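Student: These protein sequence lines map, in sequence, to chains V and C. For the first sequence, this note's numbering assigns the number 1 to the initial residue and increments by one for each residue that follows. For the second sequence, this note's numbering assigns the number 1 to the initial residue and increments by one for each residue that follows.
Because the hints were derived from the structure by calculation, they are not lab data. If you're wondering where the values come from, they're calculated on a predicted model, not measured in any experiment. There's no promise every hint is true.
Claimed, not checked - Listed next, the in silico DSS-like pairs over lysine-lysine satisfying Cα-Cα at most 30 Å (straight line):
(1) K103/C - K87/C
(2) K34/V - K84/V
(3) K15/V - K34/C
(4) K15/V - K23/C
(5) K103/V - K34/C
(6) K34/V - K15/C
(7) K15/C - K84/C
(8) K84/C - K23/V
(9) K65/V - K84/C
(10) K84/C - K103/C
(11) K84/C - K34/V
(12) K34/C - K65/V
(13) K103/C - K15/V
(14) K34/C - K84/V
(15) K23/V - K87/V
(16) K34/C - K34/V
Stated by the list, open to error - Going by beta-carbon spacing under 7 Å, a handful of chain V positions derived as facing chain C:
(17) S8
(18) V31
(19) Y88
(20) D92
Backbone N, C-alpha and C fix where the C-beta goes; we use that ideal spot for every residue, glycine too.
Number of protein chains: 2
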Amino acid sequence: MASTTISSDRVEGTKVYNGNGDKLGTIDNLVIDKRSGLVRYAALEFGGFMGIGTDRYPIPWNMLKYDTGLDGYVVPLREDQLEKAPKYAQADRPEYSDEYGRKIYDYYGVAWM
Amino acid sequence: MASTTISSDRVEGTKVYNGNGDKLGTIDNLVIDKRSGLVRYAALEFGGFMGIGTDRYPIPWNMLKYDTGLDGYVVPLREDQLEKAPKYAQADRPEYSDEYGRKIYDYYGVAWM
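Using the sequences and the hints given, assemble the complete structure.
Tutor: Next up, the structure:
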């Protein structure tokens, strides 16, 4: 039986691909709601992609689908989505709030939990 | 306003104390349910404590309370609780299942979510 769980240290550093199998970047870290224990988002590092540099793109956890063939996560992101997506500089982690979370989820059309 | 979230890479390696302020060990990693995004447990490394070595003790997430004074988590664990607590060897991560999770939660008297 495939495991239904994954370790945080196995998620960090894992490669992320778009739906075409192009490598977008890697997962830098996960942001967890302290009270509920829910992973609110994964911070994706799109190093070098489209010249974006080291900004972090917060992505709702349930948008990440693991692909055993690619040994990485597939996220159905289009270039035009990324251009206007919520992001922050690596050294400037945002003060997270439910409002900020809802903004991220709304942007990607994912239901808030 | 204090942040309601925490980054996974700030949890890993954080020290853990008991209710008396004695250092028990550190958090090795978090185990996350893939589908729901819920942190099922934190794997505590009680290195050297009571001669236990490098076994990992899975602890329900909501048992960890952050203490700013100690700069670490306080977990109300008694020695007699730890002696019989669920554990596994560092190199031998268990195949996680809801059954295994419930066993951990039951042991510590924490309601399963």
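Student: The structure should be examined with respect to each hint, and the outcome stated for every one.
Tutor: Against the structure, the hints come out as follows:
Between K103/C and K87/C, the direct Cα distance comes to roughly 11 Å. Compliance with the 30 Å bound is thereby established for this hinted pair. A threshold of 30 Å between alpha carbons decides the hint, and for K34/V with K84/V the separation of about 28 Å falls inside it, so the pair holds. Of the pairs offered as hints, the one joining K15/V and K34/C holds, with about 17 Å between alpha carbons and a cut-off of 30 Å not exceeded. Of the pairs offered as hints, the one joining K15/V and K23/C is violated, with about 36 Å between alpha carbons and a cut-off of 30 Å exceeded.
Pair hint K103/V plus K34/C holds up; C-alpha atoms about 23 Å apart against a cutoff of 30 Å. Distance restraint check for K34/V and K15/C: the Cα-Cα separation of roughly 17 Å lies within the 30 Å cut-off, and the hinted pair is therefore satisfied. Restraint check: the Cα-Cα separation between K15/C and K84/C comes to about 22 Å, which is no more than 30 Å; the hinted pair holds. Restraint check for K84/C and K23/V: the C-alpha separation of about 46 Å exceeds 30 Å, so the hint is violated.
In summary, the hint linking K65/V to K84/C is not supported, as the alpha carbons are separated by about 37 Å, beyond the 30 Å threshold. Distance restraint check for K84/C and K103/C: the Cα-Cα separation of roughly 12 Å lies within the 30 Å cut-off, and the hinted pair is therefore satisfied. For the hint pairing K84/C with K34/V, the CA-to-CA distance comes to about 27 Å; that is within 30 Å, so the pair holds. Under the criterion of a C-alpha separation no larger than 30 Å, the hint pairing K34/C with K65/V is consistent with the structure, at around 9 Å.
Of the pairs offered as hints, the one joining K103/C and K15/V is violated, with about 33 Å between alpha carbons and a cut-off of 30 Å exceeded. Distance check on the hinted pair: K34/C and K84/V sit about 27 Å apart at the alpha-carbon level, within 30 Å; holds. Our distance criterion of 30 Å between C-alpha atoms is met by K23/V and K87/V, whose separation comes to about 18 Å. This hinted pair checks out: K34/C and K34/V have alpha carbons roughly 18 Å apart, not beyond 30 Å.
The closest approach between the C-beta of S8/V and any C-beta of chain C is roughly 4 Å, which is under the 7 Å cut-off, so the hint is satisfied. Hint on V31/V holds. Least Cβ distance to chain C is approximately 5 Å, under the 7 Å limit. The criterion of a C-beta within 7 Å of any C-beta in chain C is not met by Y88/V, whose closest approach is roughly 12 Å, and the hint is violated. Taking 7 Å as the C-beta cut-off, the interface hint given for D92/V is violated, the closest approach to chain C being about 13 Å.
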